[in-house]
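Following the hints, complete the assembly by docking chain B onto the known chain A.
Number of protein chains: 2
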Amino acid sequence: MKTILPRMVSLHEVALRDGIQNEKVIVSTEEKIKLIDRLADCGIRQIEVSSFVNPRLVPQMADAEDLWKKIKRRDGVRFSALILSEKGLDRAIQCKVPHVGIFVSASETHSKKNSNKTISEAFDEALRLILKARSVGMEVRAGVMNSFGCVYEGRIPVEKVTALVNRYLEAGPDEICLADSSGLGNPFQVKDVLQRVKSITGNMPLALHLHNTRGAGLANLFSALEEGIDSFDTSLGGLGGCPFIAGARGNISTEDTVSMLHEMGIETGIDLDALIQASLDFEKVMGQTFPAMVSHLCGAKG
Amino acid sequence: MKTILPRMVSLHEVALRDGIQNEKVIVSTEEKIKLIDRLADCGIRQIEVSSFVNPRLVPQMADAEDLWKKIKRRDGVRFSALILSEKGLDRAIQCKVPHVGIFVSASETHSKKNSNKTISEAFDEALRLILKARSVGMEVRAGVMNSFGCVYEGRIPVEKVTALVNRYLEAGPDEICLADSSGLGNPFQVKDVLQRVKSITGNMPLALHLHNTRGAGLANLFSALEEGIDSFDTSLGGLGGCPFIAGARGNISTEDTVSMLHEMGIETGIDLDALIQASLDFEKVMGQTFPAMVSHLCGAKG
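First to last, the protein sequences are chains A and B.
End of the first sequence = 307 in this note's numbering, gap-free, step of one.
End of the second sequence = 307 in this note's numbering, gap-free, step of one.
Chain A on its own, in the form it takes in the complex:
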């Protein structure tokens, strides 16, 4: 039996948000703009520009307003922001952000730690935010954090995820995103969760946000491809996660993902060589070697 994989996959670049949000080196607004332009030049068509959060809690995102004012909007490129509160949404509305991500956690413990709300309270708030965002013409991606596991609670029952997705559908988002925020998913489970969620979402676009914490990131991606998923969050260089301990890794890397997809004959519209160069240049800005593999091949052709 032949597996039918998607012919084209879209990547949503999160280096500027998930990637750098915990990094010690504060990236200047100018460097962020430069990176955004380079990513768009490489052919990336979805770029998460910032989150709107308390700048005291996340100093890396303190320039959100300034950044949104200065970026060159381009036809065909979807710029987006992550929203965590009504205050954040209001700031995004001020900045004319066209696309927002709004997430709740499937883990009660994580929800409490992350937002000081129960899942139910966080969800009610998320629904209000989705309706408000849509009422001002924003596109909305509604997401479930820790869909595959939680460092505090372990494996998350799939019923918790499907229940949240079901309720999201009432609010009519433009896309559903399942996030393996802690990198605890495995390829077998990914298949199982996706099969269950797809049976609810039908034709609603469904994206996956994967981390490579345990090295299984691209295995999870391949498993999802086999389930027909064609939209993934990736981070340039594999930035993200906990940067303060050697070897701890973040999101699946954009370049390794593009490399694997292209090798499989799946199109992304992205110029891999240019992307690798952008990643190596951004390493200099961040003063570190990123975990991505294809940017660090040994010798001319590996």
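If a hint is listed, it holds; no wrong ones were tucked in.
Identical copies go unnamed one by one, so any copy, or any two together, can satisfy a pair.
Calculated cross-link-like contacts (lysine to any residue; reagent style SDA-like; alpha-carbon spacing at most 20 Å):
1. K196 to P11
2. K196 to R12
3. K196 to I9
4. K196 to G233
These aren't lab readings, by the way, just hints derived from the structure by calculation.
No experiment lies behind these values; they were computed from the predicted model shown.
Relative to the frame of chain A, chain B by itself:
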């Protein structure tokens, strides 16, 4: 449709051969013995102890005879060596090595560079070695290097691989091993090659030797699991490959593989916590941080 995965997977540990063969730090015979004992204590049941090669070309393997004399053989643990020539086989016979790996390359260019022989010449030699090894009671794993691609020739036509496997079967090896020596395979191709090779090998055990050069190692492994493959080469810490350039990576790591398999409910018989500790201790011997991910998780539980 549910995927049926193997319930139990065997790992063949190659850190002592593929892992360290190109490393600058020469590991003492005593440290090698200590590591072999620890790996066996962790539950690993197949350990590649050394290759028998010219010590001037591979100084790390210069103590092969001494090592084989000193290791504690254990019931249920398969100790093996890699053989590249008749001289090497004769040394292995002297050392009473019970299991040898004998490989040819599927790439003409690589074969010339590796052995100064055409594939056809190398294959004739390999067949002679297999027959000789079997005549003295050794078990033989017959392998094909570069089964999925070659840095010099690019993609290797699957027909070249199946032709070699077909000829191997005449010599009656105990196992066939397909090696992605350059880490160029992708999960879609792995499926294709395995389906073609399995149609020839029937019930002959079939193992996969994967590298994580481009980050797709565990994706390739998952793809192979879906094809029913239940035997893989892994290297403690993900050692192997080219160690002299930052970020260049080697074999798929034993601990990340065990972690992913266990998360999927697949048994390995290996104690993951003990394995991680062995990896962290061996990092000290090698004076480096290994690329494996689960040994470097951030915080208590990731």
